[in-house]
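Novice: Protein sequences, first through last, are from chains A and B. Each residue of the first sequence is one higher than the last, beginning at 4 in my numbering. Each residue of the second sequence is one higher than the last, beginning at 10 in my numbering.
You may find that some hints are simply not true.
Said to hold, decoys possible - Distance windows between CB atoms, simulated:
(1) A/R211 / B/A44: 25 to 35 angstroms
(2) A/I53 / B/C110: 45 to 55 angstroms
(3) B/I124 / A/R211: 23 to 33 angstroms
(4) A/C273 / B/A44: 37 to 47 angstroms
(5) B/T137 / A/G236: 45 to 55 angstroms
(6) A/G48 / B/K211: 35 to 45 angstroms
Just so you know, these hints were derived from the structure itself, not from any lab. Computed from a predicted structure; not experimentally measured. Note that beta-carbon positions come from the ideal geometry of N, C-alpha and C, so glycine has one too.
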Amino acid sequence: MTVTPAVIEEEEPTKKGLSFKFPPEETEMGLIAGIIGAVIVIFTGLPAVIKGVGLLLVLLWGMDSVRKTSKYGLGTGVPSIGVLGTGYGVVGALMGLAVAEYGRVGQLYPAVLVGVIVMGAIGLVSGVFANGEKFIAMKIPRLERAMMELGMAGTLAILLECSILTGSLNFAAVVNNVMNTGLIALLFIFNCFAMLHPYNACLGPDERRERTRICAVEISGLIWVLLGFAMIGLGTSPYGILDGVSMIVFGVIVWVVFFRMFIKACMDECYETVGTGMIKTIE
Amino acid sequence: MEPVLMILIVGYVVIGGLLASLGAHLLPVGGAPAAMGTATGIATGTVQIMLGAVMTGLFTAASVATFSDSLLLVSLSGAVGATVMMCVVMFMANILYAFGCGIVPVSGRVEVDPITKEPQSPYKTPQTDGHGVPNVVYISGTIGGFLAGFAGALMYYALLNYAHFSAGLAAIVALSIFVANAILAAYNIRGTIEGFHDPKFKRLPKALISSFAVSLLCGIVVVLAATILGGAL
Chain A
4 MTVTPAVIEE EEPTKKGLSF KFPPEETEMG LIAGIIGAVI VIFTGLPAVI
54 KGVGLLLVLL WGMDSVRKTS KYGLGTGVPS IGVLGTGYGV VGALMGLAVA
104 EYGRVGQLYP AVLVGVIVMG AIGLVSGVFA NGEKFIAMKI PRLERAMMEL
154 GMAGTLAILL ECSILTGSLN FAAVVNNVMN TGLIALLFIF NCFAMLHPYN
204 ACLGPDERRE RTRICAVEIS GLIWVLLGFA MIGLGTSPYG ILDGVSMIVF
254 GVIVWVVFFR MFIKACMDEC YETVGTGMIK TIE
Chain B
10 MEPVLMILIV GYVVIGGLLA SLGAHLLPVG GAPAAMGTAT GIATGTVQIM
60 LGAVMTGLFT AASVATFSDS LLLVSLSGAV GATVMMCVVM FMANILYAFG
110 CGIVPVSGRV EVDPITKEPQ SPYKTPQTDG HGVPNVVYIS GTIGGFLAGF
160 AGALMYYALL NYAHFSAGLA AIVALSIFVA NAILAAYNIR GTIEGFHDPK
210 FKRLPKALIS SFAVSLLCGI VVVLAATILG GAL
């Protein structure tokens with residue numbers, strides 16, 4: 004006589020379409036994105052697509068920081084911390100661009116990293132004030148570090164976008180091409196979206212880091228497309244119109260691939276998808 | 010750059026940051042509960058309301074700054090723009106709540122309206138935290154919008170005329186510093202606030218200290234950048 008177990012243990016469903024596991028941990032992600040982003044932002048002569056890869060990594064880093072802060076519940080919604088990161092990014096980019104001419108070698112601008120460091124310091128100070136017992140007392144573990152990372156990621160993202168759009172980090176060129184044309188407002192909002200939207204859209208009890216990151220990559224693809232159109236309009240790239248077109252093409256590819264992956268992941272991981280048909284109207 | 014101008018820039022940025030923090034505490038923030046009509050205020054977060062107010066203020070301030078050099082005129086025009094925006098939003102929220110949901114504007118935090126002395130608690134639906142934008146909250150929100158717009162325009166004026174930034178750069182940097190201060194205030198508020206009569210308003214000094222430190226640092230960064238550029242742009 005065989006005894007059937009009271010509870011039949013179900014096998015863990017295999018998760019498909021979720022092979023996006025690069026790099027596995029948050030600290031590693033921060034280090035890799037920070038270093039690669041910093042290197043790419045110095046070399047302004049690179050083609051736009053390579054800068055776009057740096058932008059993607061930096062935005063993923065920012066998204067990670069938003070995620071690990073917002074997990075504890077801010078009380079004011081996830082968007083606030085993403086907007087904070089971009090706001091710091093603009094101030095940091097201003098500082099970086101102002102000192103960019105010092106120590107410049109040809110197309111290399113190592114001094115822009117001063118802006119990143121300064122904004123890391125200001126982010127740390129605001130994190131201490133926001134988390135400190137005597138001040139706002141948010142009581143979120145590691146908020147200081149997260150705010151510092153947000154400031155740095157935001158600054159790197161804005162600097163990379165300026166570098167993509169103007170082909171250099173010359174202050175006058177950036178002001179004429181990015182600030183005075185009003186493109187900075189679009190960049191501001193799109194940077195905010197890339198940082199805050201993935202976690203804002205995916206948050207919940209079964210939020211998973213990989214799925215949230217797929218959403219972030221997808222938004223980065225959209226930013227590439229936007230930047231590509233802006234580049235063609237401005238016509239400032241040293242590689243001519245091909246630079247902008249390649250940005251648009253790669254952006255569309257990234258968007259299509261990762262949007263499909265995201266939808267597939269959502270479909271796979273939801274409890275059950277039931278087609279109920281149209282709601283019947285009473286007539 | 011002359012030292013007087015440096016002090017003026019840092020001073021105006023710090024004043025702007027402090028006013029932004031104060032303005033954020035005065036605005037009626039309802040958050041998600043207000044979207045369901047179960048809390049007083051406008052149905053969104055602090056940051057969104059503050060961004061909307063200061064953007065409108067910067068539009069009016071930038072228009073006036075094209076033909077006027079007066080500090081007071083530019084700042085006040087920003088303040089008026091933000092006030093008009095806030096008043097329209099609060100008015101439309103009231104219309105939607107009253108005629109759409111069928112609930113009366115009533116405060117959830119006080120028994121009697123501190124200004125008009127109207128009773129509040131008999132009209133409040135049980136288990137809710139007030140509805141819509143009642144009189145005292147409307148007045149508080151108007152003052153908050155005025156201060157927020159004034160703060161944004163003050164920073165814009167300092168960056169435009171003392172640091173000699175171009176109009177676009179001055180606007181986006183003023184917006185960024187403003188946003189950082191507004192978010193620190195939002196963390197202090199934690200969710201919803203009605204205005205100066207709300208018990209949470211007593212937490213204001215903590216946000217002001219934080220805002221002071223952050224805007225001081227941001228002001229120093231702006232001065233450094235402007236000095237290095239030497240008024241080039």
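Novice: So, for every hint listed, does it hold in this structure?
Specialist: Hint check results:
Roughly 27 angstroms separates the CB atoms of A/R211 and B/A44, a value that falls within the hinted 25 to 35 angstroms. For A/I53 paired with B/C110, a C-beta distance near 53 angstroms keeps the hint of 45 to 55 angstroms intact. Between B/I124 and A/R211 the C-beta distance comes to about 50 angstroms, which lies outside the given range of 23 to 33 angstroms. One distance hint, 37 to 47 angstroms for the beta-carbon pair A/C273 and B/A44, is violated here, with the actual separation near 25 angstroms.
Taking the beta carbon of each, B/T137 and A/G236 are about 51 angstroms apart, inside 45 to 55 angstroms as hinted. For the hinted restraint 35 to 45 angstroms between A/G48 and B/K211, the CB-CB distance of approximately 56 angstroms leaves it violated.
Consistency note: the structure conflicts with the earlier hints numbered 3, 4, 6.
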